[in-house]
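J.: Listed in order, the protein sequences are those of chains A and B. Count the first sequence with the working numbering and you get residues 1 to 469, in order. Count the second sequence with the working numbering and you get residues 470 to 815, in order.
Hints may be right or wrong, so weigh each one.
Stated by the list, open to error - Using 35 Å as the maximum straight-line C-alpha spacing, the simulated DSBU-like pairs for lysine-lysine come out as follows:
(1) 583/B x 58/A
(2) 57/A x 31/A
(3) 370/A x 583/B
(4) 31/A x 468/A
(5) 303/A x 187/A
(6) 320/A x 504/B
(7) 341/A x 631/B
(8) 74/A x 31/A
(9) 580/B x 348/A
(10) 495/B x 449/A
(11) 451/A x 525/B
(12) 320/A x 497/B
(13) 304/A x 370/A
(14) 244/A x 98/A
(15) 348/A x 504/B
(16) 98/A x 2/A
(17) 121/A x 583/B
(18) 705/B x 803/B
It is worth saying that the hints were derived from the structure and are not from the lab.
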Amino acid sequence: MKLVMKFGGTSVGTGENIRYVADLVTKYAKKENRVAVVVSALAGVTNNLIEVACQAKKSDEKRIQTFTAELLKKHTEAISTAITSKQIQKEVTQIIEKTIAELEKVLTGICYVGELTPKSKDYVVSFGERLSAPIVWGAIKDLKFETQCFTGKEAGIVTDSNFGEADPLMNFTTHLIRERLSPLLEKGVIPVVTGFIAANQDGIVTTVGRGGSDYTATILGVALEVDEVWIWTDVDGIMTTDPKIVPSARMLPQLSYQEAAEMAIFGAKAMHPRALGPVIKENIPVRIRSIFHPENPGTLITKKANAKVTEAVKAVAMIKDVAMLNVNGAGMVGAPGSYAKVFDVLGKNNINVMMISTAASEANISMIIKRGLLGRAISNLEIALLERGGIVSEVSAEDDVAVIAVMGANMKGTLGVASRIFSTVAKNGINIRMIAQGSSELNISFVVKEKDGIAVVRAIHEEFNLDKI
Amino acid sequence: MRIILVGYGVVGKGVTTILARRYAEKVKDYGFNPKIVAIADIDGAVIDPRGLSPEKLEALKQTRPISSDPEFGHPEMSALDVIESVEAEVVVEVTPVNIKNGEPALSHITKAFKTGKHVVTTNKGPLALAMPALTELADYNNVYLRFSGTVGGGTPMLEFAKRCLAGDRILAIRGILNGTTNYILTEMSQNRVTFQEALSNAQKLGYAEREPSMDIDGFDTACKVVILANWILNKKITLKDVDRTGIRDVSLQALDEASKRGNTIKLIGSIDGDRPTVKPTEIPKTNPLCVSGVLNAVTFSTEFAGEQTLVGRGAGGVETASAVLRDLLDIRHKLANRLLNNNSES
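The following block holds chain A by itself, in its conformation from the complex (with noise of 0.2 Å):
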C-alpha cells in the first residue's frame, strides 16, 4: 500500500512520542508499504511562535532571547530522547541550531521594523514545522531506515499568495512532488515533510492556514496517488458524540466525505473541510487513527458511507459558546428586504450568522452567533434597526444556550427522524427554543438551553442506538 501518514502535535510533543512515531512508521513501512510522512510542529509551538511574533512586532527585544533559548531547549530535549546514535543527534541538533539562528534574525527584523504582515507572519510560524520534521527524520535514520527530509516548499507544494491561508495551485503541485517525492517513494526512501506549510510561485513561505498539516497530508496524497492518508491523532476516530458527555459514546468506524465535513463544522474533533478538498475530488480515503491504539482501524471516510448502518443518525453533537439573538416586528411581515437590513447589519460588523430559522408569520428572526459576539450584535442591529414605526421592535438575545447538532447521511428521505429527535427532547421535559433543518438533510440542528444540553445528548444517543454501532 503507498500511504501518506500525517502526525499532529501531541504526536511529536515530546522526544519519547517522537521515537515512537518513528517506530510505528518504520514498522508501516516494513511490510512492503510505502509510506510518506507529514508532521506538525511539537505541541504549542506554534502558538508560542505567534505570540512570541506579536510580542516582537511591539519592540519587545529581549523577549526574543529568551525565547529562542526555550525553544533550542525544547528541541534538544526531544533529540536526545527520540535518537540514539551520537552522529545522527548531532546532525540533526546542527540543524535546528542553524534554524533557530535563523528565526532570532527574523524575530529581531519584525521587532526593529515594529510591523508584523500575514507574510511575514507565515514566515515566523513555518519554523515550527522546520524544527520538528528534522527531528522524526532523525528518528526514522536513527532505525536504520532511508529517509528524506523535505519543507513544504522543497517537497513541491505550491501554493497561491494569500499568505495565512494559502491554497494549493493543484496540478502545478501535483507535478513537482512527483519529479521531487514519487521517485524517492519508489525506492523505499521515507520522505518527511513539514506540514502547514508550502511557498508561492516564487518561493517564498506561506501557510495553508485553516485545516493545517491534514490538508498538506492530503495534498501529498492526492499528487503521490497513494491508496489512503492516515491521520494519527490522540483520539480513536471520529465519535458518536463527545465521550465526556456519553461514556459509551462509540467510534464510527466508516464516513462520507460530505459527513465527514459537516461533524467538522459541529466541532467533532475531525478534519476540517478545507483539507478534506483534494481528496473528496480524487476519491482518496482518509483513515483517522489514535496513536495510542494503533491495532483500532479507525474511522475511514470514503466516497460513499457504508450502507449496513440501520440507523439513520450517525452522531450528536452540542455546540457551546453560542447565543440566540431574536430580532423582533411586525414590521418585517410581507416587507421585502426586510430580512436583507438585519444581515447586513450584522454582516458589516463581521458577525456570522451560524444558524438561522424564522416562521412564516415572518414577524420574528431567530439566529444563533458565538456568545462574545452578542453585544456587538444587539448593540449594532438596536442602532440601525430599532426606530418608532421601523421594521424591528425589540432586539433581545439568550446567552445560555447550547446548540444540539443531529447528523447522518442517511436522515436524508428517512421518514420520522424529527419527530423521533423531538418527542425525545419533549420526554425529558426539555423545551426547544428554536430549530432549523437545511435541504441537503444531512443535519438537524436546535437549540436549548445549555444547563440541558447534556441531557438532551445523552437522550438522543440513546433513542438512536449510537451506543451499539
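Assemble the complex: chain A is given as a structure, and chain B must be docked to it using the hints.
T.: Just chain B now, with coordinates in the frame of chain A:
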C-alpha cells in the same frame, strides 16, 4: 448602544440618572436603547458587558470607590484600560476640566478615537486647547465627537446655531456664557454688595468653586468662545487666541455709572470678525442678552434671520447630562444611517 462613562462626578451621575429614568419611553419613542457597560473614574472601574442595570447604577452612586463593587468592580483598571479593552460604541467623557494640558480627558478622547469609539464630552479643557486637532482626528478615524454640553449646559446653543440656522450666515456671536460670573455681577448691581462678598455668596451657594479663577478670570467663558468659533464659524482657534479679561476689577462704582445710563456690566464673550474676546462689557438692560442670576444667554447675529437669542441654565449636573443624551441620540441617528446606507459621511 453600549456606552463607557468616564468620570463619575456631578455630570457623570447626572448621565446615569437621565439614562435610567423613563428608560422604556426612550426605547419606545426613539428606538434608543442605551446601556452603560462600564464606568471608569480615578479609583478604578465597574464593568458589565450586558449593561449595568438602573438599580445598580443607583446603588453605585453611594458606593465609594465605585470599583469596590463586589460584582462588577475592577480596582486595578484605569480609564484608559477600560476604553481600550471594553467593547462599546461610545465613550462619554465627563472628567473634571483642566485647561493647562487638557488631561486626562485629552488622552481618554484620543484613545477612544484610536479604538474606533465615538466620543461625547462635556469637558471644555481638551476642546479649548486642541479643538482643530481633535476634530481632524475624529474625522480621520471615522468617528463622531460631540460636545453640546460644553456650551450652555442643557441649553442647545451649539445645535441651535448649527442646525436651526443652517443656510444662513452667522456674522457674530455674543453671549453671557458663564453662570457664576453672571450671578456675581447680578448680586453686585442689584444688592450693592462688593465683588468679594458676592463671590463668597456664590461659593456658599455652590455656584462658584473654592478656587474660582476658572470662572472669574474668564477662562471658562473663553473656552466656550473657542468651541463656538470652531464649531459654528469654522475658525481654527484655541484658548491662547482669545483676548481675555475677567471680572475681578469690576467695581460697584462702574456698575452704578452704567446703571445711570440704563445699562449694566456683563461678562461677554464675543466673536465678530476680529479677535475673539472675553471682557466685562456695558450693555443696555433692555438687550435680550441681559439675563440675571446664573442664567446664560447667547445672541447669534445672522445675515438674513436677524438676531436670535437663546436663554437657559448654563450648568448643573442633570442639565448638562441632558445635553449628553442629545448627543447620544444624534450619534445613534448618524450610525443608523451609516449602517443602513453604507456611507460614512458625518
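J.: Determine for every hint whether it applies to the structure shown.
T.: Evaluation of the provided hints:
no.: 1; hint: 583/B x 58/A; result: 17 Å, holds
no.: 2; hint: 57/A x 31/A; result: 49 Å, violated
no.: 3; hint: 370/A x 583/B; result: 25 Å, holds
no.: 4; hint: 31/A x 468/A; result: 33 Å, holds
no.: 5; hint: 303/A x 187/A; result: 31 Å, holds
no.: 6; hint: 320/A x 504/B; result: 26 Å, holds
no.: 7; hint: 341/A x 631/B; result: 31 Å, holds
no.: 8; hint: 74/A x 31/A; result: 33 Å, holds
no.: 9; hint: 580/B x 348/A; result: 23 Å, holds
no.: 10; hint: 495/B x 449/A; result: 31 Å, holds
no.: 11; hint: 451/A x 525/B; result: 27 Å, holds
no.: 12; hint: 320/A x 497/B; result: 33 Å, holds
no.: 13; hint: 304/A x 370/A; result: 32 Å, holds
no.: 14; hint: 244/A x 98/A; result: 43 Å, violated
no.: 15; hint: 348/A x 504/B; result: 21 Å, holds
no.: 16; hint: 98/A x 2/A; result: 33 Å, holds
no.: 17; hint: 121/A x 583/B; result: 24 Å, holds
no.: 18; hint: 705/B x 803/B; result: 25 Å, holds
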